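Chains A and B are the protein sequences, given in the same order. Here the first sequence is numbered in my numbering, starting from 1 and rising by one per residue. Here the second sequence is numbered in my numbering, starting from 1001 and rising by one per residue.
In case anyone wonders, no lab produced these hints; they're calculated from the structure. Model, not experiment: these values are computed from the prediction. There may be inaccurate statements among the hints.
To be verified - So, partial list: chain B residues that the calculated Cβ filter (under 10 Å) puts toward chain A: (1) L1177; (2) V1183; (3) S1184; (4) I1190; (5) S1191; (6) L1196; (7) N1199; (8) L1252.
To be verified - Computed, partial: chain A to chain B, Cβ under 10 Å: (9) D20; (10) L39; (11) H41; (12) F43; (13) V46; (14) F50; (15) W61; (16) P71; (17) L74; (18) F77; (19) I80; (20) I83; (21) S84; (22) K91; (23) K95.
Where a beta carbon is used, it is the ideal one built from N, C-alpha and C, also for glycine.
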Amino acid sequence: MSKKDDLNTSLNKLSRKLDDIKTKETLKENYSKNTYYGLSHAFKIVSEMFANVFVGGCIGWTLDYFFETKPIFLIIFLIIGMISGIYTSYKSSKKWQK
Amino acid sequence: MTYFKNILLLCTIFIGNTAHAASPLKQFEITRPFGTMEIAGIDISITNSSIMMIIILVLLNAFLIIATKKKAVIPSKLQSVAEMSYEMIYNTTKDNLGKEGAKFFPLVYSLFMFILLCNMLGLIPYSFTVTSHIIITFAIAFGIFLFATILGFVLHGFKYLRLFLPAGVPIFLAPLLVPIEIVSYISRPISLAVRLAANMMAGHTMIKVFAGFVVALGIFGIAPFIFIVLLYILETLIAFLQAYVFAVLTCLYLSDSFHPGH
Chain A
1 MSKKDDLNTS LNKLSRKLDD IKTKETLKEN YSKNTYYGLS HAFKIVSEMF ANVFVGGCIG
61 WTLDYFFETK PIFLIIFLII GMISGIYTSY KSSKKWQK
Chain B
1001 MTYFKNILLL CTIFIGNTAH AASPLKQFEI TRPFGTMEIA GIDISITNSS IMMIIILVLL
1061 NAFLIIATKK KAVIPSKLQS VAEMSYEMIY NTTKDNLGKE GAKFFPLVYS LFMFILLCNM
1121 LGLIPYSFTV TSHIIITFAI AFGIFLFATI LGFVLHGFKY LRLFLPAGVP IFLAPLLVPI
1181 EIVSYISRPI SLAVRLAANM MAGHTMIKVF AGFVVALGIF GIAPFIFIVL LYILETLIAF
1241 LQAYVFAVLT CLYLSDSFHP GH
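Only chain A is shown next, with the shape it has when bound in the complex:
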């Protein structure tokens, strides 16, 4: 009886050890994968924020140039560009988290 108990306890120990190693390895894998994707995602967001404001400014300036309404469209589209910069990065973050 005691022999069987010993065997059982040692088997339990072994399985616990194996589980520990398994979880550690998956954690490691996930970590490296997440940092890798996270870095590329960060690059994406930074350039999106910049590019949206830039494009908004360009559209506003062009409209002003054609309609000769000097600062109005520039201001409106700069603000739209800022909003859309944050909106796009929000949207892509939501997509990324899935």
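Use these hints to put chain B onto chain A, whose structure you have.
The following block gives chain B in isolation, referenced to the frame of chain A:
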């Protein structure tokens, strides 16, 4: 504090004096080693940039042909590198575009390999980084943008414009949301181009500036030297990462032309 001041001063000297041979911006200069050629007023001379691109294309083709020549079941080192890159990009394409979009895999793969080699070979001293010029990255990005737009209109007709008004949005929000979506759509090629070019240029300029410090500081130049070695590791990572981001975003933009309104 004075140490940092001196470093700042050195920085301004090195960056400001572009005519100097050790200028960090000299490496981005376009030269014409075979003289200028013109056809009908258009400059078509072979520059160092185009020579580098030809070298990259030859190397890329040679690498893939040699690596996949044997088609061994147990791959050699070269073959396993080729297979790894193939598998990685194939999985990314399939994840983002689905089975139907896998036919765009050749486009994404060649883009990825070209940009990766441009970035990596640019890290070799005295070579030229093709992707550090914004006109090159913008040309690639704008090509993808035009292709994705035309593909969307071909696949969906005018329903493709639904991309600018996502499903389930109340109609009174449309005047606000449509300009935002249009701005964010147009900004795609610019964000693609600026990200790649700016990363490449900033990294190379920084390495060159610190290389100038090594010479200027004499025996204490060992500190910036160690820093350069670490910076090179980071730059290698960034060179790979930028190529990967470019490929992933190409997939994302193509997937938008497959399924607009999501």
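Here's how the hints hold up against the structure:
| no. | hint | in the structure |
| --- | --- | --- |
| 1 | L1177 | 9 Å, holds |
| 2 | V1183 | 5 Å, holds |
| 3 | S1184 | 4 Å, holds |
| 4 | I1190 | 4 Å, holds |
| 5 | S1191 | 3 Å, holds |
| 6 | L1196 | 9 Å, holds |
| 7 | N1199 | 7 Å, holds |
| 8 | L1252 | 8 Å, holds |
| 9 | D20 | 30 Å, violated |
| 10 | L39 | 6 Å, holds |
| 11 | H41 | 9 Å, holds |
| 12 | F43 | 6 Å, holds |
| 13 | V46 | 8 Å, holds |
| 14 | F50 | 7 Å, holds |
| 15 | W61 | 13 Å, violated |
| 16 | P71 | 18 Å, violated |
| 17 | L74 | 13 Å, violated |
| 18 | F77 | 7 Å, holds |
| 19 | I80 | 5 Å, holds |
| 20 | I83 | 6 Å, holds |
| 21 | S84 | 4 Å, holds |
| 22 | K91 | 8 Å, holds |
| 23 | K95 | 8 Å, holds |
Hints 9, 15, 16 and 17, counting from the list given before, are not met by this structure.
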